[in-house]
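Residue numbers (the UniProt record's numbering), protein chains in the order written: chain L, 1 to 357; chain X, 1 to 357.
Treat the hints with caution; some may be incorrect.
Identical copies go unnamed one by one, so any copy, or any two together, can satisfy a pair.
To be verified - Cross-link-like lysine to aspartate or glutamate pairs, in silico, EDC-like; alpha carbons within 16 Å at most:
(1) Lys-156 with Glu-168
(2) Lys-66 with Glu-314
(3) Lys-318 with Asp-245
(4) Lys-282 with Asp-309
(5) Lys-54 with Asp-22
(6) Lys-260 with Glu-100
Derived from the structure by calculation, the hints contain no laboratory data.
Protein chains: 2
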Amino acid sequence: MIQEEQVLAALKTVAEPDLKKDLVTLGMIKDIHIDEANNIACTVVLTTPACPMKNQIRQSCIDAIKTSLPEAGTIEITMSSKVTSSCDHHECDHERPLKEVKNIIAVASGKGGVGKSTVAVNLAISLAREGAKVGLIDADLYGPSIPTMFGIYDAKPEIISKKLIPLEKYGIKLMSIGFLVETDTALIWRGPMASSAIKQFINDVEWPELDYLIFDLPPGTGDIQLTLVQTIPVTGAVIVTTPQDVALADVSKAVNMFRKMQVPILGLIENMSHYELPDGTKDYIFGMHGGENFAKAQAIAFLGSIPIDREIREGGDKGKPVVLSQPRSVSAQAFSQATKEVARQISLFNAHMNAKQ
Amino acid sequence: MIQEEQVLAALKTVAEPDLKKDLVTLGMIKDIHIDEANNIACTVVLTTPACPMKNQIRQSCIDAIKTSLPEAGTIEITMSSKVTSSCDHHECDHERPLKEVKNIIAVASGKGGVGKSTVAVNLAISLAREGAKVGLIDADLYGPSIPTMFGIYDAKPEIISKKLIPLEKYGIKLMSIGFLVETDTALIWRGPMASSAIKQFINDVEWPELDYLIFDLPPGTGDIQLTLVQTIPVTGAVIVTTPQDVALADVSKAVNMFRKMQVPILGLIENMSHYELPDGTKDYIFGMHGGENFAKAQAIAFLGSIPIDREIREGGDKGKPVVLSQPRSVSAQAFSQATKEVARQISLFNAHMNAKQ
Chain L
1 MIQEEQVLAA
11 LKTVAEPDLK
21 KDLVTLGMIK
31 DIHIDEANNI
41 ACTVVLTTPA
51 CPMKNQIRQS
61 CIDAIKTSLP
71 EAGTIEITMS
81 SKVTSSCDHH
91 ECDHERPLKE
101 VKNIIAVASG
111 KGGVGKSTVA
121 VNLAISLARE
131 GAKVGLIDAD
141 LYGPSIPTMF
151 GIYDAKPEII
161 SKKLIPLEKY
171 GIKLMSIGFL
181 VETDTALIWR
191 GPMASSAIKQ
201 FINDVEWPEL
211 DYLIFDLPPG
221 TGDIQLTLVQ
231 TIPVTGAVIV
241 TTPQDVALAD
251 VSKAVNMFRK
261 MQVPILGLIE
271 NMSHYELPDG
281 TKDYIFGMHG
291 GENFAKAQAI
301 AFLGSIPIDR
311 EIREGGDKGK
321 PVVLSQPRSV
331 SAQAFSQATK
341 EVARQISLFN
351 AHMNAKQ
Chain X
1 MIQEEQVLAA
11 LKTVAEPDLK
21 KDLVTLGMIK
31 DIHIDEANNI
41 ACTVVLTTPA
51 CPMKNQIRQS
61 CIDAIKTSLP
71 EAGTIEITMS
81 SKVTSSCDHH
91 ECDHERPLKE
101 VKNIIAVASG
111 KGGVGKSTVA
121 VNLAISLARE
131 GAKVGLIDAD
141 LYGPSIPTMF
151 GIYDAKPEII
161 SKKLIPLEKY
171 GIKLMSIGFL
181 VETDTALIWR
191 GPMASSAIKQ
201 FINDVEWPEL
211 DYLIFDLPPG
221 TGDIQLTLVQ
231 TIPVTGAVIV
241 TTPQDVALAD
251 VSKAVNMFRK
261 MQVPILGLIE
271 NMSHYELPDG
281 TKDYIFGMHG
291 GENFAKAQAI
301 AFLGSIPIDR
311 EIREGGDKGK
321 PVVLSQPRSV
331 SAQAFSQATK
341 EVARQISLFN
351 AHMNAKQ
């Protein structure tokens, strides 16, 4: 009968493509079972359920076992995940806010209207669909879009023991100023009031254990951004832009701000990258590859291009984002791919941070 | 020989279409000249050079003179203008800032990225092309677009007697934070600092006599908007939106803010209203007539629809806005038409305010 050590030896030849170490050394192999007929089952614990190389890793494991152990019967690899956090190994401040949250993602943009909320929402839902525990904070106090995009019009969060309980929809824990005040009321808030509202979203909400908590930030480089990075350790920022020069000029400012504040930049997503005509040609209305070129020039990971199309807008307006309403569409696929890149960058960053300890 | 009184009597039959009074009563007829051959020349002084009914009024004057005075020779009507101000007749605070400025227009939006700066820039240039004296303040301190849209990259405003001298391009007097600090530097400004910057743009810049001073506001309803309306008497706000629901939700807030602050709303411009396919059909990517319907529901004047197209974006990115670079294009025509509607609303509002005195 095949022994567990033999399986481990076989799997030691499989490298995690990003981390460049083998799965056994990384501690990613669990629950090896071998029965009398040499049927083998084991679990690979990835660092994120949204791992873009999930299928590739699974196949490599099967191939490695088959090659090393030709006597093996059926091989069953279960892909599981335990999301890493940059605080996993080093001494984190145990009094910090949101300590039940493994990773905090700031979705930011230099300019407004580039589709930041659309990206944040589709990112959150895509992560949840992959199996992650996800929360989303609508930090755009002056123009909250999350209630509309999730189709939540009347629900109010409960208050239990002086804490706000987040709403939940599509498996996402949600908080937005739009759930607390009348939607039509102008929020004429001076800066310091906006800062204290964002602190309340962090401290006075009963956030459960989460793999990813996404902040949909307002555009620009103002009070709310400052407050966020000064209040909690942000894992990294996802920058959203459209391709035109006037948008990129503002992105530059946002990138500089995050760098100054020592917030890692996970990468850049180019939204409204092109319009696809019925004959399949693309009209690069806002300029060709502006975001991608910018990312290259700034040495920022390019996380993907999202086309400009009606399905995306309709998904947002109708309260059922495109990754749910049209999951097979080109747009949904683009979001799903970008989501996996975000998750991958976080895993890489966490591995890097934890290796430093 | 025809007498001046006869010409005036003829012109007393011509009504100003918006103000519903005749041109003579409104004091709009100047410099009547009649020579021995009964050739008649006179000047009509409109309330704005961008009057959308300019040609119609001119033709009505010719027809009225021809009908009443068949013995007239050539008739030469010169169209001129003297832009009105809401302070023309009533007791204005003579110590107020910007007293050399007749009208202050706030171009605002609830949401960012709807093309507010693009509208502000094309509005400013269109007004100047009609002959008005125009200034433009880039009040979007966190994401100034005006330098790029005017193709101004290096110029710095001079300082004379402790006052900043506005730059000038395409006949527009310009001021932007982008002229004062490094373009790539993130403006990580807390609210109160932003407010004081906007006050400096009002008080510490040597603004000349202007018919229209346009503020390109940042999106939303925050500090800068509050500071502006509390510092100077704003003639009115032009609201820019795109047609989709999530944008309109934010517009609602902006409209409510201006109403609360008692700033008149001159009207709404719908940007990115549709994409025109090569066969002429229109793809209402962001929803059909969202802005127009919203304006109707809110009893706000609808000032026009601007299509989504590459020329507009290219004009902005290349520093030569579409009304200058492609003046005959559909987009330029749309901007030009919307500009005339803005000027018309201001004239109407001023006439109304001054009539109240």
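Item to complete: List, from low to high, the hint numbers that the structure doesn't satisfy.
Response: Checked against the structure, the hints that fail are numbers 2, 6, while the rest are satisfied.
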